[in-house]
Amino acid sequence: MQEMEAVIGLEIHVEMNTETKIFCGCRTAFGAETNTQVCPICLGLPGHKPVLNQKAVEWHAKAALALNCEIAPYVQFDRKNYFYADLPKGYQISQFFYPMGINGHVDIEVNGETRRIRIRQIHLEEDTGKLLHMGNITASPSSLVDFNRAGVPLLEIVTQPDVRNAEEARLFLQKLRTIIQYTGVSDCKMEEGSMRCDANVSVRPKGSDILGQKTELKNMNSFRAVTRGIDYEIPRQIDLVLDGEEVIPQTRHWDEAKGVTRAMRTKYLATDYRCFPDPNVPPFKNDPAWVEEIRQSLPELPDARYARLVKEDGLPPYDAEVITASKAMADFYDQTVALVKEPKTVSNWLMGEVGRCLNTAGKEIQETALTPKHLAELLGLVKKGVITGKIAKDVMDEMFRSGQDPETIVKEKGLVQIADQSELDPVIDRVIQANPKVVEDFHAGKDRALGFLVGQVMKETRGKANPQMLNELLRRKLQG
Amino acid sequence: MELCELTANELHRMLTGKDVRAEEICLSVFRRIDKTEDQVKAYLALHPEEALEQARAVDRKIAKGEEISPLAGIPIALKDNLCTKGHRTTCASKILYNFVPPYNATVVDKLNGQDVVIIGKTNMDEFAMGSSTENSAYQQTCNPWNPDCVPGGSSGGSAAAVAAGEAICALGSDTGGSIRQPAAFCGVVGMKPTYGTVSRYGLVAFASSLDQIGPLSKDVTDCALMLNAICGHDPMDSTSVPTELPDYREALVTDIDGFRIGIPAEYFAAGLDDHVRRVIEEAITVLEQRGARVEETTLPHTEYALPTYYIIAPAEASSNLARYDGVRYGYRVEDAKDVLDMFSRSRSRGFGAEVKRRVMLGTYALSAGYYDAYYLEALKVRTLIRRDFERAFEKYDCLISPTTPSTAFRFGEKVDDPVTMYLSDVFTLAVNLAGLPGVSIPAGFVDGMPVGLQFIGKPFSESTLLRAAYTFEQSTTHHLKRPSLTPEVE
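Those protein sequences? They're chains A and B, same order as listed. If you want my numbering, it's the 1-based position in the first sequence plus 84. If you want my numbering, it's the 1-based position in the second sequence plus 572.
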């Protein structure tokens, strides 16, 4: 049987974090009451004229440069004409003929190998409104429209068909999200719709350079959905081809609940958008000096940061990858290391205890009360022997909850380590007396017995006993 | 002579000399409207209470000894495609029958800032598409010089109102001649400024790369005053120019000694009415007598202006008018089966025949497979047309031509033949394609009907045009003639 491979191109829409919309002064905040962030311009009322948000252009260039794109010397906004109730003007203003970012790429690591996913273009456009259907989309008696989203600046990133499977798609999207988040251009939250991904999927005999008929997968609202959607679509197409049937070029909706892709009505498929330059938005030329200025303003990007953490800080590649996956985490790491100068310890804590707290709380590090200064202080307390490592974990929980500094927590809760023999002696004696059977076991050579006794002392001291001192004292008393 | 027959400049002098009150001027205009509007039908809406209130406010200012602007207290009419906050703005279309903008066009704000008195909204061809105002969904406006004739269009209501004394001045919009052609037909002055001189914010778009707002007035002086009032950079319109503009009153001098004026041969070719030609030739003689050196020149791509225009303008219009879908405002059919049915039937019923024709033309020109052959080609020819003018302006201070090939035609004469109708703008279209300023002024009469003389200049040479036009005007008396409406009315 012939081996088949998939050819996948991705189209990713990313909503920008700009304060205001692309052609008017309306706010872009997510989750506002319907139709409260609108004005005559973004509602497309007669007589309005768009005025381009320069910040959006600047950020567009930033994102494009971060994705290794060239900045086109000439940029023009065009009108993409089609009728839909969520499209206030009957056209969307987009860069159709002359996109600003072209010929970029993102490298991903797949099974230890570097794969380059080329980016064909990244262009700037306006988002549409949102339809709110009463009931389901086909049987709804009426629909409402929320125009808050209409005119939010949107980046559309189009890859070359370089992706081969769902895993690569996921890795690419995660890397893309990380890079864009680093630039600060978008928060890229798929669940809030600020990052959306469509996939063009086709299959062909492995090694062939002819592209098969493609389908466009939509409505994949999470990384998991993208993976599942593609994982469903590839075998579906392969089965069709191997059965001698044809793949019908169509838009297919990912049904999250049923786990299948389904053909949408094919009515709009052959849409002719009749694009032409928008006479209301003057085209512009990019000054190389301006491009250079934007390039200089870029923060250290994930790949460079990863390399630095491995090379200069001596972190294991895995640690470096986890830490740099989020700019906030990497910034936190850098700021903490600047204070305590022990990269591996900081990384252990961030990936261990801090990571655990974040997972439990379901938060990102920048959303918590934790600060690099406090983490550094905590590590300092452990190092100086003021508290034990075990206690430090409890202190971390408290820092996470309250945002208090570790020293105050340690003082208020009386968590200072007991490293004073006169304090430990009576406790050890009590434990030995209370457990004659275990002491016997110890003398019989059962090593576990010592561990049990240590645990009992720890329990009595609420974990504050200095572990080395305790071990030593206990052993001495038992053997003596 | 009644107050309503005077010019803004004359009335301003009377106001500051306390010879008349703004309220009296306003009442005079409304009395004239009462008398002639049944016949002229220039207005789609009148705002008498607000107008009188505005006029009284000016009188209070004068009484307090405050300085007033040159247009303070002057009754002015607005074409109904200029958005007026709180007042219906219909574009003479059924599809906007109930549209009340929540904002003013920038020009309206500017006029309000000068304390003008806004009389009402004037009739027009639907969405400014037409040359006779016959394409209005609401009413037919008559030419005050002959009620059997059209006033021209699309700013026919504005031109007729000024000519009939139903407004002192008016604003119109000009996409292919829509100010200059009706100005010529109604015997008034009409100017299309350089693209970008006047903000288009709040002008309901027809073809955005061609549209420009401009004044209609009884004489060149008022034209300069109006232009002063409405021009200037507007951050709300990205195509409005950020440069400093002159005070156009300084152009009002009667001196064109040594002016070099070109006459494009193509504008005097077949299709030009012989009587109109003779009037223009006389006008040329007048200009020469005032010291201008007039000679024939050529604009070789002139014959392509009309087809080029009728690709670019409808293409942009097809997109600009896509927003009228019944979703957010305007006309919507009540019994739609689904959203597509709502779009298509609201539009089918809401738009008139000419609008639909142009939307279809434009949709076609932009469609896949035709875009390169039509739209892109048209853009290239547009560049050639612009270059024709650039070459001509290397030699000439301005060009002159008849504004229209004939005087005002009769109602119904051209409605069944769109191409003949389109040809009535053949001398004005190219100016829009090239983004140039053009002004039409009264140059004489043929069988009692006015003839317009058009001055065309290089970008931002409005002062030059006004100077030439003013010199001509001051050497003639055509602009002083007023139409006498039918005996039973007058």
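It is worth saying that the hints were derived from the structure and are not from the lab. Possibly wrong hints are sitting among the right ones.
Said to hold, decoys possible - Sample of chain B residues with no beta-carbon within 10 Å of chain A, all distances over it, derived:
| no. | residue |
| --- | --- |
| 1 | Glu582 |
| 2 | Arg593 |
| 3 | His619 |
| 4 | Glu625 |
| 5 | Gln712 |
| 6 | Ala779 |
| 7 | Asp809 |
| 8 | Gly863 |
| 9 | Arg895 |
| 10 | Asp897 |
| 11 | Thr935 |
| 12 | Arg958 |
| 13 | Arg963 |
| 14 | Ser978 |
| 15 | Asp1019 |
Said to hold, decoys possible - No more than 30 Å apart at the CA atoms, straight line, and that leaves these computed lysine-lysine pairs for DSBU-like:
| no. | chain 1 | residue 1 | chain 2 | residue 2 |
| --- | --- | --- | --- | --- |
| 16 | B | Lys636 | A | Lys369 |
| 17 | B | Lys682 | B | Lys636 |
| 18 | B | Lys636 | A | Lys164 |
| 19 | A | Lys164 | B | Lys682 |
| 20 | A | Lys395 | A | Lys139 |
| 21 | A | Lys395 | A | Lys342 |
Even glycine gets a Cβ: it sits at the ideal position worked out from N, Cα and C.
Hint check results:
1. Glu582: holds, 33 Å
2. Arg593: With a cut-off of 10 Å, Arg593 of chain B remains clear of chain A, as the shortest Cβ separation is near 34 Å.
3. His619: holds, 18 Å
4. Glu625: Glu625 of chain B is indeed farther than 10 Å from all Cβ atoms of chain A, at 25 Å.
5. Gln712: Check passes; 24 Å lies beyond 10 Å.
6. Ala779: violated, 8 Å
7. Asp809: violated, 5 Å
8. Gly863: holds, 40 Å
9. Arg895: Incorrect as stated: the minimum Cβ-Cβ distance to chain A is 5 Å, not above 10 Å.
10. Asp897: violated, 6 Å
11. Thr935: Violated, since 7 Å does not exceed 10 Å.
12. Arg958: With a cut-off of 10 Å, Arg958 of chain B remains clear of chain A, as the shortest Cβ separation is near 15 Å.
13. Arg963: Fine: 25 Å to the nearest Cβ keeps Arg963 of chain B off the interface.
14. Ser978: Given a closest Cβ separation of 31 Å, the condition holds.
15. Asp1019: Answer for Asp1019 of chain B: holds, closest chain A Cβ roughly 40 Å.
16. B:Lys636 / A:Lys369: violated, 53 Å
17. B:Lys682 / B:Lys636: holds, 23 Å
18. B:Lys636 / A:Lys164: violated, 56 Å
19. A:Lys164 / B:Lys682: Status violated; Cα separation ~33 Å.
20. A:Lys395 / A:Lys139: Outside the cut-off at roughly 35 Å; violated.
21. A:Lys395 / A:Lys342: The hint is violated at about 47 Å.
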